[in-house]
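Protein chains in written order, with my numbering: chain C, 1 to 415; chain Z, 1 to 415.
Source of the hints: derived by calculation from the structure; they are not laboratory data. Predicted model only: the values in this text are computed from it and were never measured. Heads up, the beta-carbon is just placed ideally off N, CA and C, and yes, glycines get one too. One thing to keep in mind: the hints can contain errors.
[To be verified] Derived DEER-like restraints, expressed as beta-carbon distance ranges:
1) Z:D312 to C:G232: 51 to 59 Å
2) Z:N298 to C:D95: 20 to 28 Å
3) C:E29 to Z:E170: 49 to 57 Å
4) Z:A66 to C:E297: 41 to 49 Å
5) Z:T80 to C:E369: 41 to 49 Å
6) C:A301 to Z:E289: 54 to 62 Å
[Said to hold, decoys possible] Away from chain Z, derived, C-beta distances all over 12 Å, residues of chain C:
7) D95
8) L166
9) E389
So you can see what is in the structure, the chains are spelled out below.
Protein chains: 2
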Amino acid sequence: MPETSRVPAFEGFRLSVAMDAFRQSALREIMARARGEDFISFAVGTPGTDLLPLDDLGRVTARVLASGHQVLQYGLPSATLKKRIVELMAVRGVDCREEQVVLTSGSQQGMDLLARLLLDPGDAVVLEEAIYDGIQMAVRGRRPRILPVPSDPEEGLDLDALEALLDSGEKPRFLYVIPEGHNPMGTSLSPERRARLLDLARRHRMPIVEDDVYGHLGLEGAVQPALRAAEGRWVFYLGSLSKVLAPSLRIGWAVVPEELAAKLAALKHAADIDTSTLAQHVVAAYLDEGRFPVRLENLRAEYRRRRDAMLDALERHLPDAVRWNHPRSGIFVWAHLQKEIDTTSLLERAIGEGVAFCPGEAFASGDPEPVRRSMRLSFADTLPERMDEGVQRLARALAAERAATPPRRARARAV
Amino acid sequence: MPETSRVPAFEGFRLSVAMDAFRQSALREIMARARGEDFISFAVGTPGTDLLPLDDLGRVTARVLASGHQVLQYGLPSATLKKRIVELMAVRGVDCREEQVVLTSGSQQGMDLLARLLLDPGDAVVLEEAIYDGIQMAVRGRRPRILPVPSDPEEGLDLDALEALLDSGEKPRFLYVIPEGHNPMGTSLSPERRARLLDLARRHRMPIVEDDVYGHLGLEGAVQPALRAAEGRWVFYLGSLSKVLAPSLRIGWAVVPEELAAKLAALKHAADIDTSTLAQHVVAAYLDEGRFPVRLENLRAEYRRRRDAMLDALERHLPDAVRWNHPRSGIFVWAHLQKEIDTTSLLERAIGEGVAFCPGEAFASGDPEPVRRSMRLSFADTLPERMDEGVQRLARALAAERAATPPRRARARAV
Numbered sequence: 001m002p003e004t005s006r007v008p009a010f011e012g013f014r015l016s017v018a019m020d021a022f023r024q025s026a027l028r029e030i031m032a033r034a035r036g037e038d039f040i041s042f043a044v045g046t047p048g049t050d051l052l053p054l055d056d057l058g059r060v061t062a063r064v065l066a067s068g069h070q071v072l073q074y075g076l077p078s079a080t081l082k083k084r085i086v087e088l089m090a091v092r093g094v095d096c097r098e099e100q101v102v103l104t105s106g107s108q109q110g111m112d113l114l115a116r117l118l119l120d121p122g123d124a125v126v127l128e129e130a131i132y133d134g135i136q137m138a139v140r141g142r143r144p145r146i147l148p149v150p151s152d153p154e155e156g157l158d159l160d161a162l163e164a165l166l167d168s169g170e171k172p173r174f175l176y177v178i179p180e181g182h183n184p185m186g187t188s189l190s191p192e193r194r195a196r197l198l199d200l201a202r203r204h205r206m207p208i209v210e211d212d213v214y215g216h217l218g219l220e221g222a223v224q225p226a227l228r229a230a231e232g233r234w235v236f237y238l239g240s241l242s243k244v245l246a247p248s249l250r251i252g253w254a255v256v257p258e259e260l261a262a263k264l265a266a267l268k269h270a271a272d273i274d275t276s277t278l279a280q281h282v283v284a285a286y287l288d289e290g291r292f293p294v295r296l297e298n299l300r301a302e303y304r305r306r307r308d309a310m311l312d313a314l315e316r317h318l319p320d321a322v323r324w325n326h327p328r329s330g331i332f333v334w335a336h337l338q339k340e341i342d343t344t345s346l347l348e349r350a351i352g353e354g355v356a357f358c359p360g361e362a363f364a365s366g367d368p369e370p371v372r373r374s375m376r377l378s379f380a381d382t383l384p385e386r387m388d389e390g391v392q393r394l395a396r397a398l399a400a401e402r403a404a405t406p407p408r409r410a411r412a413r414a415v
Numbered sequence: 001m002p003e004t005s006r007v008p009a010f011e012g013f014r015l016s017v018a019m020d021a022f023r024q025s026a027l028r029e030i031m032a033r034a035r036g037e038d039f040i041s042f043a044v045g046t047p048g049t050d051l052l053p054l055d056d057l058g059r060v061t062a063r064v065l066a067s068g069h070q071v072l073q074y075g076l077p078s079a080t081l082k083k084r085i086v087e088l089m090a091v092r093g094v095d096c097r098e099e100q101v102v103l104t105s106g107s108q109q110g111m112d113l114l115a116r117l118l119l120d121p122g123d124a125v126v127l128e129e130a131i132y133d134g135i136q137m138a139v140r141g142r143r144p145r146i147l148p149v150p151s152d153p154e155e156g157l158d159l160d161a162l163e164a165l166l167d168s169g170e171k172p173r174f175l176y177v178i179p180e181g182h183n184p185m186g187t188s189l190s191p192e193r194r195a196r197l198l199d200l201a202r203r204h205r206m207p208i209v210e211d212d213v214y215g216h217l218g219l220e221g222a223v224q225p226a227l228r229a230a231e232g233r234w235v236f237y238l239g240s241l242s243k244v245l246a247p248s249l250r251i252g253w254a255v256v257p258e259e260l261a262a263k264l265a266a267l268k269h270a271a272d273i274d275t276s277t278l279a280q281h282v283v284a285a286y287l288d289e290g291r292f293p294v295r296l297e298n299l300r301a302e303y304r305r306r307r308d309a310m311l312d313a314l315e316r317h318l319p320d321a322v323r324w325n326h327p328r329s330g331i332f333v334w335a336h337l338q339k340e341i342d343t344t345s346l347l348e349r350a351i352g353e354g355v356a357f358c359p360g361e362a363f364a365s366g367d368p369e370p371v372r373r374s375m376r377l378s379f380a381d382t383l384p385e386r387m388d389e390g391v392q393r394l395a396r397a398l399a400a401e402r403a404a405t406p407p408r409r410a411r412a413r414a415v
């Protein structure tokens with residue numbers, strides 16, 4: 001990359017070329033603005049604040065802190081926690097060993113570390129056209145070529161498009177996928193698409209980075225096993241307790257082939273030395289108590305209630321022209337406005353009404369045009385009884401935006 | 001870098017070129033081996049385990065967890081914590097604003113983020129010949145050219161050598177320095193060397209990354225103000241509570257010019273989303289209590305006792321041929337064996353005796369030869385009354401190693 005592309009950022013002093021490619025998350029800004037007592041946020045992928053296990057974690061933390069000074073010290077990754085994680089993996093159908101588990105500070109760090117492990121500048125990586133902005137933050141700093149593939153809001157990743165891409169001779173370093181509770185689209189991949197995806201990965205020797213942070217949040221009975229359950233070599237798995245226990249613990253993990261685990265652990269050490277020893281002990285002790293399966297059951301039931309409340313409210317208040325899907329796992333609904341509404345502009349108006357969502361544009365891995373009229377609605381952090389009010393506010397914002405948006409022909413003339 | 005330099009690591013699948021340059025910390029392995037009930041470790045840069053404020057943090061954590069669910073959620077960086085950090089900076093003589101503070105997961109993450117912000121492959125970075133292995137882990141993944149400059153074990157960084165390097169036309173992207181309690185050498189930079197260093201930085205428009213994690217640990221009265229106190233533009237400051245409160249909180253920070261703070265915060269978000277909201281609240285509440293200055297005073301007094309106990313024991317038990325320095329801040333003594341002893345080989349024997357240190361080689365930024373006969377001895381995590389026993393074990397290992405090492409001429413003949 002030519003020297004001239006560098007942005008002079010500091011008294012003529014130039015930053016790394018990688019900073020040019022780096023793009024900040026739009027969500028952070030929305031999060032900063034969309035707050036307040038009465039505010040209703042469908043914007044951010046936070047778990048339900050009221051559902052965070054304050055009492056359980058308070059009790060366990062007190063017990064762990066009473067166990068001795070060592071929990072405040074640096075430490076090697078907890079073997080006990082790794083054992084518990086291996087058990088959680090079994091729940092997702094995955095048979096793995098502790099030696100394959102690398103602890104991370106949330107799954108975001110797992111993405112960042114895998115990007116460092118796998119990507120050099122110019123390498124190709126496959127991302128869906130609309131995909132979690134965090135994976136984009138993780139890979140863009142490596143200056144890859146991003147190869148976008150489309151997804152549809154009912155079935156997810158378009159395997160025909162992926163196959164055509166791979167057959168064209170591209171050699172992507174990896175593909176990132178969220179098979180359950182897709183962020184932002186809320187989709188679950190069908191067994192057929194999964195089988196075909198794994199087949200393509202093996203055939204083209206292309207690792208799949210499987211983000212399974214919503215894998216325990218099936219809303220309609222058992223979800224399918226993780227992709228890694230069917231393919232232990234070419235699927236690198238990322239898990240996290242942020243969505244199912246508490247984000248502020250910052251406990252995530254990667255499961256990778258054993259010969260890569262030591263390298264990934266060394267990258268982790270270089271990135272921030274340790275994941276908090278205290279948090280590791282707290283989580284291990286919490287999981288030891290055996291209440292987690294019941295917690296998951298309750299969470300799924302509550303998120304099902306919130307999803308249904310949101311879907312009902314959307315049905316009641318949004319105009320016919322708006323379409324949305326019915327997620328079977330995770331915490332997101334993906335809605336699509338069929339008129340000439342730009343959701344980034346709509347967001348301004350919605351925040352004025354006291355509600356926020358995340359505009360599709362924030363998730364665009366390539367051309368933002370296909371997702372500009374889409375939005376991600378999270379139902380996780382809104383009480384069911386507040387859902388109707390939130391959607392009404394959204395409907396008001398939409399009506400006002402439509403009234404203010406000239407129809408296509410008039411706009412075309414105005415240009 | 002040529003494609004052929006890549007290591008085939010996984011079924012013929014190749015990892016990033018950056019992984020070739022990456023070097024794992026030797027300390028991690030020592031840490032894993034040097035454990036056990038009776039073991040005495042001078043090896044790792046951990047604070048005194050017995051000095052970690054278990055009761056204070058237990059009380060504060062209980063209070064914070066009782067304050068509401070929000071402390072378990074994702075969150076924006078705590079404004080209260082940033083205020084308290086600005087106050088801590090004032091103690092180090094630095095006048096800064098909250099807008100210049102970026103929270104990190106320990107200062108190690110600060111190094112990693114600054115390396116991303118500043119370095120492209122092939123860029124030059126100045127490191128001392130023996131320097132904290134963490135900065136090396138942070139920069140090597142960016143594949144820079146490392147320009148080593150010597151230091152002496154009494155006065156630290158060799159400013160003549162640095163000046164000659166800069167006058168030769170090199171344009172380093174930054175220099176990393178630990179002005180107080182140097183890791184591994186335990187040195188403090190004199191006021192004269194500091195002034196000259198800042199002058200060189202300004203003249204050559206070269207940022208200095210100042211690692212001040214031992215800046216509150218002056219062992220003989222007040223230490224000098226941080227470098228950043230005298231230069232607010234060209235000094236990027238890294239602080240941490242790991243050495244003075246508790247490592248497992250993972251609370252560190254960077255203080256940078258305001259126009260770089262947003263970029264650094266965005267890189268932080270990409271790396272791991274948040275530094276634990278809970279830890280941020282706990283630390284803010286702890287600092288609010290106002291006991292931290294007293295804790296620091298007690299810590300300094302105790303580390304002074306431990307340092308003196310170590311220096312006395314070294315005097316008593318090590319042979320005349322060994323030299324060591326007298327640190328005025330921080331937690332490290334740097335010792336130098338004047339005979340043909342390789343400290344990496346000595347370490348094996350020492351671990352057998354039940355004591356560990358960190359061999360100089362672990363800190364070599366370039367040619368390991370100049371540091372191969374040096375070792376870093378940390379006095380922080382050993383009770384004063386155990387110090388003599390630890391040093392006796394070291395002396396036994398050294399005597400055995402000397403007995404087993406043929407004199408130079410004999411070895412030369414054997415080759």
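Structure-based check of each hint:
| no. | hint | in the structure |
| --- | --- | --- |
| 1 | Z:D312 to C:G232: 51 to 59 Å | holds, 56 Å |
| 2 | Z:N298 to C:D95: 20 to 28 Å | violated, 51 Å |
| 3 | C:E29 to Z:E170: 49 to 57 Å | violated, 39 Å |
| 4 | Z:A66 to C:E297: 41 to 49 Å | violated, 27 Å |
| 5 | Z:T80 to C:E369: 41 to 49 Å | holds, 42 Å |
| 6 | C:A301 to Z:E289: 54 to 62 Å | violated, 41 Å |
| 7 | D95 | holds, 19 Å |
| 8 | L166 | holds, 15 Å |
| 9 | E389 | holds, 21 Å |
Hints 2, 3, 4 and 6 from the list above are not met by this structure, while the remaining hints are.
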